[in-house]
Amino acid sequence: MFRSGSIQSHLTLRDKIFSLDLTLTICIFLIGIISFFAMYSTDGGEFAYHTKSHIIRFIIFFTLFFIISFIKTSFWYSSATIFYLGVLFLLILVKYVGLTSSGSQRWLDLYFLNLQPSELMKIGLILFLAKYYHKISSGDVNKFRYLAQPLLALLFPVILVITQPDLGTSFLIAVGGVIVVWLAGVKMKFFAYLGGLFLLSAPIAISFLKPYQKSRILTFLDPSRDPLGAGYQITQSKIAIGSGGLFGKGFLDGSQSYLDYLPEKHTDFIFTLFSEEFGFFGSMTILLIYILITWRIVNIGHTLRTSFGRLYCYSFATAFFIYVAVNMGMVLGLIPIVGAPLPIMSYGGSSMMAIMIGLGIVMSCKIHKDQSLG
Amino acid sequence: MISDSGGSSKIRLIGRRMFILTAAKAVVVFGVVGRLISLQINESKKYKTLSDKNRFREWRFAPPRGVIKDYFGEEIASNQKVFQLHLIPENAENLSALIFRLKNILKMSDNAVSKIQKKIKSQKPWDPVIVSDNLTWAEFSRINLFLHELQGVEPIISVARVYREQSSSHVIGYVSKISKKDLQQKNYLANMKAAGMRVGKTGLENKLDSEIIGNVGHKRYEVNAFGKRIKEVSIDKGKIGKSYKTTLDLELQNLSSNLLKDKAGAICVMDIYRGDIITMVSSPTFDPNKFVHGISTKDWKELISHRDKPLVNKAISGLYPPGSTIKGLVAISALENDVVNTKMVQQCSGSIELYGEKFHCWKKKGHGFVDMRKAIKESCDVYFYEVARRLGIDRLSETARSFGLGDTMVKGFNEEKIGVVPNTKWKKQRIGKSWYLGETLHSGIGQGYWQTTPMQLCLMTARIANGGYDVEPRIVLGEKSKFSLFTEKKKNPKSLEEFFNTEQSKEFDDTTIDFGYKPLFRNQENINFVKDAFFGATNEPGGTSYGSRLSKKEFMFAGKTGTSQVRRITEKQRELEIKNEDLPYEQRDHSLYVAFAPYNEPKYSISVVVEHGGSGSKTAAPIAKKVIKKLLERHTLRQQVHDNYKGEDV
Numbered sequence: 001m002f003r004s005g006s007i008q009s010h011l012t013l014r015d016k017i018f019s020l021d022l023t024l025t026i027c028i029f030l031i032g033i034i035s036f037f038a039m040y041s042t043d044g045g046e047f048a049y050h051t052k053s054h055i056i057r058f059i060i061f062f063t064l065f066f067i068i069s070f071i072k073t074s075f076w077y078s079s080a081t082i083f084y085l086g087v088l089f090l091l092i093l094v095k096y097v098g099l100t101s102s103g104s105q106r107w108l109d110l111y112f113l114n115l116q117p118s119e120l121m122k123i124g125l126i127l128f129l130a131k132y133y134h135k136i137s138s139g140d141v142n143k144f145r146y147l148a149q150p151l152l153a154l155l156f157p158v159i160l161v162i163t164q165p166d167l168g169t170s171f172l173i174a175v176g177g178v179i180v181v182w183l184a185g186v187k188m189k190f191f192a193y194l195g196g197l198f199l200l201s202a203p204i205a206i207s208f209l210k211p212y213q214k215s216r217i218l219t220f221l222d223p224s225r226d227p228l229g230a231g232y233q234i235t236q237s238k239i240a241i242g243s244g245g246l247f248g249k250g251f252l253d254g255s256q257s258y259l260d261y262l263p264e265k266h267t268d269f270i271f272t273l274f275s276e277e278f279g280f281f282g283s284m285t286i287l288l289i290y291i292l293i294t295w296r297i298v299n300i301g302h303t304l305r306t307s308f309g310r311l312y313c314y315s316f317a318t319a320f321f322i323y324v325a326v327n328m329g330m331v332l333g334l335i336p337i338v339g340a341p342l343p344i345m346s347y348g349g350s351s352m353m354a355i356m357i358g359l360g361i362v363m364s365c366k367i368h369k370d371q372s373l374g
Numbered sequence: 001m002i003s004d005s006g007g008s009s010k011i012r013l014i015g016r017r018m019f020i021l022t023a024a025k026a027v028v029v030f031g032v033v034g035r036l037i038s039l040q041i042n043e044s045k046k047y048k049t050l051s052d053k054n055r056f057r058e059w060r061f062a063p064p065r066g067v068i069k070d071y072f073g074e075e076i077a078s079n080q081k082v083f084q085l086h087l088i089p090e091n092a093e094n095l096s097a098l099i100f101r102l103k104n105i106l107k108m109s110d111n112a113v114s115k116i117q118k119k120i121k122s123q124k125p126w127d128p129v130i131v132s133d134n135l136t137w138a139e140f141s142r143i144n145l146f147l148h149e150l151q152g153v154e155p156i157i158s159v160a161r162v163y164r165e166q167s168s169s170h171v172i173g174y175v176s177k178i179s180k181k182d183l184q185q186k187n188y189l190a191n192m193k194a195a196g197m198r199v200g201k202t203g204l205e206n207k208l209d210s211e212i213i214g215n216v217g218h219k220r221y222e223v224n225a226f227g228k229r230i231k232e233v234s235i236d237k238g239k240i241g242k243s244y245k246t247t248l249d250l251e252l253q254n255l256s257s258n259l260l261k262d263k264a265g266a267i268c269v270m271d272i273y274r275g276d277i278i279t280m281v282s283s284p285t286f287d288p289n290k291f292v293h294g295i296s297t298k299d300w301k302e303l304i305s306h307r308d309k310p311l312v313n314k315a316i317s318g319l320y321p322p323g324s325t326i327k328g329l330v331a332i333s334a335l336e337n338d339v340v341n342t343k344m345v346q347q348c349s350g351s352i353e354l355y356g357e358k359f360h361c362w363k364k365k366g367h368g369f370v371d372m373r374k375a376i377k378e379s380c381d382v383y384f385y386e387v388a389r390r391l392g393i394d395r396l397s398e399t400a401r402s403f404g405l406g407d408t409m410v411k412g413f414n415e416e417k418i419g420v421v422p423n424t425k426w427k428k429q430r431i432g433k434s435w436y437l438g439e440t441l442h443s444g445i446g447q448g449y450w451q452t453t454p455m456q457l458c459l460m461t462a463r464i465a466n467g468g469y470d471v472e473p474r475i476v477l478g479e480k481s482k483f484s485l486f487t488e489k490k491k492n493p494k495s496l497e498e499f500f501n502t503e504q505s506k507e508f509d510d511t512t513i514d515f516g517y518k519p520l521f522r523n524q525e526n527i528n529f530v531k532d533a534f535f536g537a538t539n540e541p542g543g544t545s546y547g548s549r550l551s552k553k554e555f556m557f558a559g560k561t562g563t564s565q566v567r568r569i570t571e572k573q574r575e576l577e578i579k580n581e582d583l584p585y586e587q588r589d590h591s592l593y594v595a596f597a598p599y600n601e602p603k604y605s606i607s608v609v610v611e612h613g614g615s616g617s618k619t620a621a622p623i624a625k626k627v628i629k630k631l632l633e634r635h636t637l638r639q640q641v642h643d644n645y646k647g648e649d650v
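Chains as they are written, first to last, in the working numbering: chain S, 1 to 374; chain L, 1 to 650.
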């Protein structure tokens, strides 16, 4: 099979396979399997386009996950900056040659895949900042000079994504970055300043929002404001989840999704569909698997000796958790609809690719934990 | 090599901060789990309902109303096929363009269009709006021609109420769209919501509404988010309303209506034993079909501004002083109370002076010496002034009430008026003044405060004609009357006439308990005396309706005329002898006539009132004569139907 020639290693492939974290791998696989069924249901119980392409993507990116795992952590460490800059370049490229869909310019046409660089930026930023804070000494963390650089590294992609416009993804990118900064030990007061600044700029930011974004926020505050318009998604999603009850309506029997009351059912609202068909037990199962994944990543981070490894794993675990929480919170009507996919479950190549890369690097850290980053 | 600067202290810091994040995550997990529990467990029922509401859509349709037939099975209120045009707003591509197009094709008025638009706004987008519920064939075919470009429009063949003739418009009533008031008054309408639903507004349509209306049907479909029907879940065809047979005779209705043509008034005919209302006609009449599909403002204004009030059912809502038709009742009251006897003689010189007031007889020259029979036969007012004076108003009013005046007798007709049976207590309460003795005298000839409906007069006559029993009117066949209860008990329903004729002479105390009718008399001779006096009035020279008699023995009837003044005749007018027809229409006397027929074996009673028709003998009596002739000609036929009727549903 694959053998990374360029990287010196004293671990054989067999060693690497054996040192894979089994729980994490199985959980990822389980989510994958569950997502096949969910996707099959969104296709109306047919083995149709979404299901097929989702399965193919999962196979490709799950393989990618293994490949990345087997590559030395030091490689990822050293290529973090380039990875970040590369994605940043792609984000800029999107501005000029990106595909536009539903009023938003997010995608690059790569023929076999419409790549959404903003998804990759979620990982890119974490990787970049983890490396950054690995390098500087803990004494320097709170110095102004060392604060400016991460802030710029964070703001630049976030602004690029906001202007696509894609509020949800830019928020998730920013959250990932802020977590790294937080874990690195930046003093609380800076976050307070940042928070204050954010609040102050909120009115200005709101004036820049597109009408549909404004209405989404207003609708979140009062879904009955416009039940057939902007509130429709929240209302229908809640109806679907609630009507699932304890055990659900049964596989392929979710009337809400079947009769097209659920919008975006194969992407952002895949959890809703699953909840409707499998009820409270179904939703809890998925939630538990995601918690298990998060927990395993944190655990892996715990065993690592480098601050890069720890920072990366902790941050990624937290970011991963937030992706899940934001998606679920959104479909459950706890937070506004922002357009955040559910990791691995949701249909979408870029998102799955980003998550698999992120998870792969975590696994690489685990496998190569005894090796130095040098 | 790049070193991990900071070392273990840094890692410790990271760990500490990670701990905080983990705690925050736990909070979030609690939040999500809590929400899941609340949605999927606690409120699951609510959301299941909402989900079903999403899934299912119901289309409800109005059932055909039951048919109303006459005694012989002729349909009076029927159903006919109508072409309707329904519009389902959510199926239309461009609603306003569609409405504009329809407006042109159907040549609708702006008013009609705005009504439709209002209706669309008021209901769910998948509920059909009836653009027109009675398209002509030309319109219907024109719509079908353009149908391919009228997405969202559905031509539908439906069933609607139709009234084939207008003689029974008042008694049958009419149906129209459901109003807010209807919803408040008729509870059963709450689950009767359907496009094109009609509700009975007046007459029998209103009385029988809850049964005749039927049950709303529905089709339930599972639909997707775009309103497309996925599959039919259930269908309920609804139930056609119950049909009713009435006691009416359509042919007599038509005859009566024709006799009253160009006149204002009413004719009532009743079976004196069963109480069956055979005729209830009011004139002028109107076209009830106009209400079924919404009456135009012009037609409506015309109807309500008409001098003769065509919408009023004068048979039960028209109030008239009974005039001399009440004299039989006054005589009965006086005889029953032993105030006078039939032999009492009074001299009539054309007027009498009492209490400082001059009371006139209709005959200026006077009747000379008259006894009670002659007084009824020739309708001597002076005689009855004296009888009333001796009797007193309170005793008279008691008798009047027992014979059916001053109360609603036809059950279920909201429009029925009770009228006025005056007495001292009534005047004190309603007018706040004491009773004057002079008013008793006026009351004795049916003038003054009296207000009666033609139906009440007909019932009064029936109760006299059947020998003084409290028969009650009924109009719906199968409705339990006292008599039908009795015949059921006897299990051998012989004709009641026979029963009366053979057994009434025997101790009626036993039999009356049996057949349910209460005698209204103390001494039946008094009733019979009045019947005989009525005979004289019609069949003996000098009688007030002698000119309208039927001389064939089996057609001979007995009746009493009445002329009721609508104004006070001044002394000057009396002197000038102004003829009634020379007066302005509104001031002319009402013409009344009550009778029963045939005299030998009384079967039917009749009352005729012609508003401002002059004297009773001139206008009302000749009309009654024609009705009676037809009525008696049809008696055998009616009897056959009666004998074959087994009380089954129609």
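Be a bit skeptical, because a hint or two may be false.
To be verified - Not everything, but these chain L residues come out facing chain S in the computed CB check (under 10 Å):
| hint | residue |
| --- | --- |
| 1 | 16 |
| 2 | 20 |
| 3 | 21 |
| 4 | 52 |
| 5 | 93 |
| 6 | 95 |
| 7 | 223 |
| 8 | 637 |
| 9 | 641 |
To be verified - Residues of chain S placed beyond 12 Å of chain L at every Cβ, according to the derived structure:
| hint | residue |
| --- | --- |
| 10 | 33 |
| 11 | 90 |
| 12 | 95 |
| 13 | 99 |
| 14 | 144 |
| 15 | 156 |
| 16 | 209 |
| 17 | 214 |
| 18 | 251 |
| 19 | 263 |
| 20 | 315 |
Source of the hints: derived by calculation from the structure; they are not laboratory data.
We put the beta carbon where it would ideally sit given N, CA and C, even for glycine.
**Asked** Which earlier hints can't be squared with this structure?
**Response** 5, 6, 8, 9, 19, 20
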